[in-house]
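Asks: Just so you know, the protein sequences line up as chains A and B, in that order.
Just so we're aligned: 23 in our numbering is position 23 of the first sequence, and the numbers increase by one with no gaps anywhere.
Just so we're aligned: 19 in our numbering is position 19 of the second sequence, and the numbers increase by one with no gaps anywhere.
Keep in mind the hints are simulated off the structure, nothing from the lab.
Ideal Cβ placement from N, Cα and C applies to all residues, glycine included.
It cannot be assumed that every hint is accurate.
As the list claims (entries may be wrong) - Here's a subset of chain B near chain A, in silico, CB distances under 10 Å, partners left out:
| hint | residue |
| --- | --- |
| 1 | A31 |
| 2 | A35 |
| 3 | A38 |
| 4 | G40 |
| 5 | I43 |
| 6 | I52 |
| 7 | V61 |
| 8 | T62 |
| 9 | E65 |
| 10 | I66 |
| 11 | T70 |
| 12 | I73 |
| 13 | N81 |
| 14 | V82 |
| 15 | I87 |
| 16 | K91 |
There are 2 protein chains.
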Amino acid sequence: MQPLRENTVFVGNKPVMNYVLAVVTQFNNGAEQVAIKARGKAISRAVDTAEISLNRFLEGVTKKEIVTSTEVIDTDSGKTNVSSIEIVLTK
Amino acid sequence: MQPLRENTVFVGNKPVMNYVLAVVTQFNNGAEQVAIKARGKAISRAVDTAEISLNRFLEGVTKKEIVTSTEVIDTDSGKTNVSSIEIVLTK
Chain A
1 MQPLRENTVF VGNKPVMNYV LAVVTQFNNG AEQVAIKARG KAISRAVDTA
51 EISLNRFLEG VTKKEIVTST EVIDTDSGKT NVSSIEIVLT K
Chain B
1 MQPLRENTVF VGNKPVMNYV LAVVTQFNNG AEQVAIKARG KAISRAVDTA
51 EISLNRFLEG VTKKEIVTST EVIDTDSGKT NVSSIEIVLT K
């Protein structure tokens, strides 16, 4: 039995195609589900990653759910809130 | 009977609190539902708008749905794709 490990791609400040490639590779390697996560300004790029992956590269994969939330992170100047997004793609 | 007009806040490049104020005002004016929409880099700010509105200002309002899509827009150098998001808040 395979463990129910969720495949996750964390989106940061690199070019969007890096993350698209990561998502597509995970599906090509047999993943049934891939979660795309990002925080702050990278949220826009996470949406781009999902849209480009679905529209150009992935057949038979759909958006399962999109969740946004607020995370509290520690910075040099104290705690601050940052928005986050999780986009789950599934076969 | 009131018409079923959907209240929409389009998020652009202004400070996020401008959009939070617009959302909160619409609910205070009796809206049952407000849609927050954005394209491209403003998507992150749209998520911030929803999170700040819900966490700090709105009681009894929840996220109803989050939809992302790809829109084709005309620019000087031809057609281009841009990601968009719609976050629907409801009482």
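Asks: Quick check: which numbered hints come out false for this structure?
Replies: Of the numbered hints, 1, 2, 7, 8, 12 and 16 do not hold.
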